[in-house]
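A.B. asks: These protein sequence lines are chains A and B, in that order.
Heads up: the first sequence runs through residues 305 to 833, numbered per the numbering used here.
Heads up: the second sequence runs through residues 305 to 833, numbered per the numbering used here.
Do not take every clue at face value.
For chains that are exact copies, the list does not tell them apart, and a pair is met inside one copy or across any two.
As a list, the in silico EDC-like pairs of lysine to aspartate or glutamate whose alpha-carbon atoms are at most 20 Å apart [stated by the list, open to error]:
#1 Lys457 - Glu445
#2 Lys329 - Asp541
#3 Lys812 - Glu344
#4 Lys812 - Glu774
By construction, these hints were calculated from the structure, which means they are not laboratory data.
Protein chains: 2
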Amino acid sequence: MSLSPYWLRDNCPCDGCRDPRNGQKLFQITDLPEDLAVVESTEAGGVLEVVWSDGHRSRYPLEWFDERGEDEQGAGDGRTEQGKRLWRAADFARGLPEAEWSAYVTEPAEQVAVLSAVRRFGFAVLRGVPEVEGQVLKVAETFGYVRETNYGKLFDVRVEADPNNLAFTSAAIAPHTDNPYRDPVPTLQLLHCLRNESDGGDSGLVDGFHAAALLREESPEDFAVLTRTPVPFVFRDRATELRAEQPLIGVDAVGRIREVRFNNRSIGTLRGLSTAELDAFYAAYRRFAAITLRPELQLDFRLGPGDCLIFDNVRLLHARTAFEQQGSRHLQGCYADLDSLASTLAVLGRRATALDAIEELFDGEGAGEYLGEAVTMAQHMLQAGALAEAAGAPDHLVVAALLHDIGHFGGSSLELMQGQDNRHSHTGADWLARWFGPEVTEPIRLHVAAKRYLCAVEPSYRAQLSEASEYTLQVQGGPMDTEQAAAFAALPGAADAVAVRRWDDQAKDAAVATPGVEHFRPLLSRLFG
Amino acid sequence: MSLSPYWLRDNCPCDGCRDPRNGQKLFQITDLPEDLAVVESTEAGGVLEVVWSDGHRSRYPLEWFDERGEDEQGAGDGRTEQGKRLWRAADFARGLPEAEWSAYVTEPAEQVAVLSAVRRFGFAVLRGVPEVEGQVLKVAETFGYVRETNYGKLFDVRVEADPNNLAFTSAAIAPHTDNPYRDPVPTLQLLHCLRNESDGGDSGLVDGFHAAALLREESPEDFAVLTRTPVPFVFRDRATELRAEQPLIGVDAVGRIREVRFNNRSIGTLRGLSTAELDAFYAAYRRFAAITLRPELQLDFRLGPGDCLIFDNVRLLHARTAFEQQGSRHLQGCYADLDSLASTLAVLGRRATALDAIEELFDGEGAGEYLGEAVTMAQHMLQAGALAEAAGAPDHLVVAALLHDIGHFGGSSLELMQGQDNRHSHTGADWLARWFGPEVTEPIRLHVAAKRYLCAVEPSYRAQLSEASEYTLQVQGGPMDTEQAAAFAALPGAADAVAVRRWDDQAKDAAVATPGVEHFRPLLSRLFG
């Protein structure tokens, strides 16, 4: 295997190279010596072990070399044309990507579907969003942060007496992106319909990436001209003077379409180009504009009260038909950004994966023997969770009780029975810390110590330990001395750990029926974060 | 003169092509016919008049063809290396670009100096910023909008027990930009020092554009590699999973350095490149990183309590020396964006220009005859302003009184005396609307109508008009009839217009001394917006 040495070393996963708490690198690339080389490399047990010329050792799981491993999107950061589904209007003949607000806010899978649609198609519609002023900000906050602009945190789209922008008149508006004169441009727009009783005022969307891809196909030279000509976008009113120079079609470092800015209204004066260059730009611009107006590209629909459209403002062009000044039409909008939306989507995905993994552990390994007790590990933990729930414990303690022994999984339980402390409380807490906060993980981390603590301060406690538990007590270090017990009691989470410990001790009754792990899924979902 | 026809037509300044209220274009580029051509063009009186093949006529002031006219920056949108002053540490041997907070918030010229420094050098320091938690948000709001991220609207930089980011530990941090894993990345960062009593914890800044320019000079091929290799930046914690693929050095469509992202800690795994490509990337990356560490590039200074550093996060790299965990160090930071900062700067510049223009009008043309009255136009308006001020009128009415006849300027007064209504009230109101709100412009717009109204409803009013004013009354349409008077009285601003009118009528006394126009400058400054 021929590997680039600096690349390989830069990805060393050891605790000295990466902060285990947050995964950030702890060294600078310039810290590495000149002429760094691999001195020795061995593959064993699914791991590539490398000894470096500076003496450092790295261990890489072989699966890490599988490219598809890390990059779940299969498409870099998911922002270029690669990984998008380019569309035309007919592709939505059977309906728009949409969901009910009530389902969206309660069911993670619905939220995943909506946010995925925004990433994949560039838009989605939420139905039944409460028709309350300012609600659009709450919609944005379900996946990200509102981006304030000169139009405010929130803007009202209705006819204004002295508009500073064509959007606030009753005129038709051709397909365009918003705020091209901003840099950074807001990458998402939300429009929430409160009223639409006027004639006209329908919405239209055009996939700007598709239009750009058509231009590239039909006239590659025009496409090239638009990607390499910086266009000055300008906006001016009494309190604002914005100017951004960006091409109409932005491509990434390797030429993939990444951003479309298209707004005829706010293109300022191109300067410093020759007449031939201006002619070429205007020919390409007119050709691209004509493509965006092709009827087969424009998806028309009408936003009704309670509908909230979320769309990608650096990909989709949006349009509006003219409407009667008389009829009442009122939308509220705001801007937000795609990066946070993608993060929310990734975290939701990761949580769904975690739930599945937890359920699998209960159903699979969990069916195994529990350190000599009469119950399986899964029964033991389910009983502990059920006991906590029955005791009216707060959510985080029910979860802590349910998952307190998860560190036993992974085939290491046997080691404990063979006389080694496998530190299962720490292993479990660390694993769970990827998904749960310290209110869940710390009682788990301390639940073994809590046993040693209780044995010290409650003589009657030790007497009731099971035989297996009395055995592991010795492995774990025996009862605490007075000083240790005082130090333990002072720890944050000590009281919670003691509570978890007591449910742990009671949860070994083979005669008790327990709910399945799926019973706890909604609770686990709520506690993520 | 050979001009690109579509370019020329796209810039037609007529009211049919551009909304006069906001300057936005009212036509689509696709509305223009195929084979658009100039049929006839004539130059006269400083104007190029063009007749088009579709019958449209355009008039372009010749000065508009002067490239420097529109683009005041001389450098596009001012975001690339062009128009920046690239620096090394020694350039600030005599001091940093800085200002006192108290001056910054009260004197527009100080604010201009600070914001210009951020645009030109990439940073500035405010001193004496109140040492109050949350104050950094108020600093950001003086020129733009706070950009919320996963770190919150505001983040605290001090040692944390379980940090999700190295910034919240006491470790030294090498020069880097923040949030490279966001797209859009926040383009500005603010750091406000509340306490810094620890040993160490000094700040360092490096001009990343300069470092990139040095790389281009010393090793053009390495520079090219860094501009064309998308780098995955990643950040992950329990609630966040951000990923952005961008090159370390971003250039604009014509190759100018526009953005630097440099953060060794959060560079993820580059995938999909050959070993040779990875070797080339790492060689270039190491060379660039070494340049950023050159001591002559790093400007070191210490933030003390009350200091607030504002810096360009897509140009400057910032660093921190290690500090003692014991000593108390507390900074608060937030992110914002360069586009709004540039807008604020442009508007401040425009207002300063407007103030100068107004003062010049008073001093220049204002010294001319005022329609047959005994006072000059300037004396007349200054008297009106002083009368309003003496009457304790609100600011907007003092300004309206001071500027009510500004529409007479520009050489058109004579036309009025020759028997034409030059609609000076409208001309003045429209001109002033570029800077003032309707509370100032509407009373001015209505002040001629107010005379006709008062003549209708107050017989004694007409009796006291000056001879010249009685003459112009006829030109302006004579007294209103009953219906007109009722309609006028119902207009918003009518009462204010009547008040302005009365000061107008009284302000014709050659014997009265008036303050100079500079007396009103602070008031005019306050009223802009």
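A.B. asks: For each hint, tell me whether it holds in the structure or not.
C.D. replies: Consistency of the hints with the structure:
1. Proximity of Lys457 and Glu445 under a CA criterion of 20 Å is satisfied in both settings, with 12 Å inside one chain copy and 13 Å between copies.
2. In this homomeric assembly, Lys329 and Asp541 come within 20 Å of each other (Cα to Cα) only across copies, at 14 Å, whereas the closest approach inside a single copy is 46 Å.
3. Taking identical chains as interchangeable, the C-alpha atoms of Lys812 and Glu344 are never at most 20 Å apart, the minima being 50 Å within one chain and 98 Å between chains.
4. Taking the shortest alpha-carbon separations for Lys812 and Glu774, only the intra-copy value of 14 Å comes in at or below 20 Å, while the best inter-copy value is 106 Å.
Hint 3 from the list above is the single one not met by this structure.
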